[in-house]
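Asker: All chains, full assembly: derive it from the sequences and hints.
So the protein sequences, as listed, match chains A and B. As numbered in the working numbering, the first sequence has no gaps in its residue numbers, which increase by one up to the final residue, 665. As numbered in the working numbering, the second sequence has no gaps in its residue numbers, which increase by one up to the final residue, 268.
Each hint should be verified, as a subset may be incorrect.
[What the hints assert, rightly or not] Derived SDA-like pairs (lysine to any residue); straight-line CA-CA distance at most 20 Å: (1) B:Lys-230 with B:Arg-266; (2) B:Lys-109 with B:Ser-87; (3) B:Lys-119 with B:Asp-62; (4) B:Lys-119 with A:Pro-596; (5) A:Lys-633 with B:Leu-182; (6) B:Lys-127 with A:Lys-627; (7) A:Lys-627 with B:Lys-119; (8) B:Lys-254 with A:Trp-643.
Hints listed in this document are in silico derivations from the structure and should not be mistaken for laboratory results. What you are looking at is a predicted structure, and each value in this text was computed from that prediction instead of being measured.
Now for the letters of each chain:
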Amino acid sequence: MPAGTLYRGREGMWSWVAHRVTGVLIFFFLFAHVIDTALVRVSPEAYDETIEIYKNPIVSVMEYGLVAAILFHALNGLRIVAVDFWEKGPRYQKQMFWIVMGIWVVLMAGAAYPILNHAFREVFGS
Amino acid sequence: MTAVIEEAASGPAPAQKPARDHTPIVITLRIRRFLPDLVGPNGEPPVPFWQDFQVEADPTERILTAMLKVKGEQDGSLTFRRSCAHGICGSDAMRINGRNRLACKTLVKDLDVTKPITIEAIKGLEVEKDLVVDMDPFFQSFKDVMPFLITSGNEPTRERLQSPEDRERFDDTTKCILCACCTTSCPVFWTDGQYFGPAAIVNAHRFIFDSRDEGAEQRLEILNEKEGVWRCRTTFNCTDACPRGIEVTKAIQEVKRALIFRRV
Ligand code: HEM
Ligand code: SF4
Ligand code: SF4
Ligand code: FES
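Answerer: Now the structure itself:
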């Protein structure tokens with residue numbers, strides 16, 4: 540341990556770290572997404588080729604990751620709104636964080652089949 | 005190494021202290037040290053380093069007691085602040101096992117003693133020696149929010165009365181002992197030393213919501229500035245760290261809402 544230790548924050552600190560990381564991730568996705576969609580104006584063929592790449596199983600897994608990031612950011616964003624504007628929000632922030640995580644897990648389980656089943660079939664055969 | 009551990013290793017028979025259920029244990033304090041005089045042979049600047057100390061402690065004792073034992077019996081150069089030793093003066097804030105706390109309010113039994121207990125200076129203020137940091141920027145922010153009663157007109161001849169409900173409005177923020185546990189646990193303050201920080205906002209809150217005070221507008225203006233309340237990202241580190249149990253983030257949110265809705 541040459542340097543100092545990491546601060547051992549709790550739910551509040553780590554949810555903030557995750558919120559910022561997911562926010563930046565979503566930003567870069569949106570950046571790429573604007574470019575790929577804009578391709579259709581340049582050359583419809585190039586656009587089709589790009590979309591073809593997206594059928595790759597690895598891209599499916601990345602899409603699932605994107606859903607994970609957006610869901611967390613959106614749900615935790617609502618928690619932050621509650622902390623900002625609901626009088627009792629700051630007192631119940633930890634409970635709200637675990638509710639967010641609960642809803643997140645349920646929605647992620649629900650999103651697994653629609654997003655991953657194509658990739659699953661491609662890799663393991665149907 | 006020292007007489008202290010050898011004695012413990014061979015075991016001071018607990019039976020010698022039959023009246024007490026508090027069997028002493030040996031704990032390791034892993035302290036992050038910084039000695040400003042430790043300049044290298046070629047004039048290299050001093051670097052911080054970790055040093056382990058083994059001390060015997062009663063599980064119900066405080067970390068401060070163990071540290072005083074180290075200073076008294078093993079290494080007199082170990083430097084830290086403390087005064088009251090009872091959680092009132094706010095001078096011994098430090099980072100114990102990664103979290104800001106008062107050494108005088110942290111009991112040995114509440115920590116995992118099977119591993120070394122890490123003790124570091126609080127973050128975000130310049131370390132002067134070992135656990136002593138430069139508190140000037142911290143107190144400057146406190147002064148900047150004008151933490152005193154502001155009134156107009158003639159002084160009344162008797163005390164300024166206030167209803168219990170009005171007193172209750174800011175009760176939580178009157179409990180601050182200015183220990184800096186909150187401000188130096190704040191991720192925003194670590195990277196932006198100009199941020200007023202939670203402690204200054206708590207002390208502004210104490211007057212902003214006091215029905216006898218007339219300086220709320222001025223204080224709100226100060227906290228509306230770039231380095232004021234809007235820097236807070238509601239990470240709640242300050243609330244978790246406050247040894248007085250003040251709901252710090254809640255107070256900050258109340259100031260933010262007072263600014264948005266212009267209502268105190
Ligand atoms: C799905 C709807 C969304 C909601 C409900 C939402 C909500 C929020 C909220 C409430 C904050 C403030 C955080 C704070 O006060 O600390 C925030 C911050 C942020 N958001 Fe979002 N957001 C959404 C979508 C997005 C998108 C699409 C992007 C990317 C383009 C994004 C990027 C960011 C970034 C970079 C931050 C700054 C994080 C920080 O300051 O720590 N958000 N979001
Ligand atoms: S709640 Fe605000 S003031 Fe408190 S530690 Fe977090 S960012 Fe800092
Ligand atoms: S609000 Fe709590 S943590 Fe912050 S200085 Fe006051 S007593 Fe210390
Ligand atoms: S020594 Fe006074 S608060 Fe700990």
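Asker: Hints first: check each against the structure and report whether it holds.
Answerer: Verification of the supplied hints:
1. B:Lys-230 with B:Arg-266: 18 Å, holds
2. B:Lys-109 with B:Ser-87: This hinted pair holds, its Cα atoms lying about 13 Å apart.
3. B:Lys-119 with B:Asp-62: 16 Å, holds
4. B:Lys-119 with A:Pro-596: 45 Å, violated
5. A:Lys-633 with B:Leu-182: Not OK: Lys-633 of chain A and Leu-182 of chain B at ~25 Å, beyond 20 Å, violated.
6. B:Lys-127 with A:Lys-627: Between Lys-127 of chain B and Lys-627 of chain A the Cα gap is close to 30 Å, so the pair fails against 20 Å, i.e. violated.
7. A:Lys-627 with B:Lys-119: 38 Å, violated
8. B:Lys-254 with A:Trp-643: 26 Å, violated
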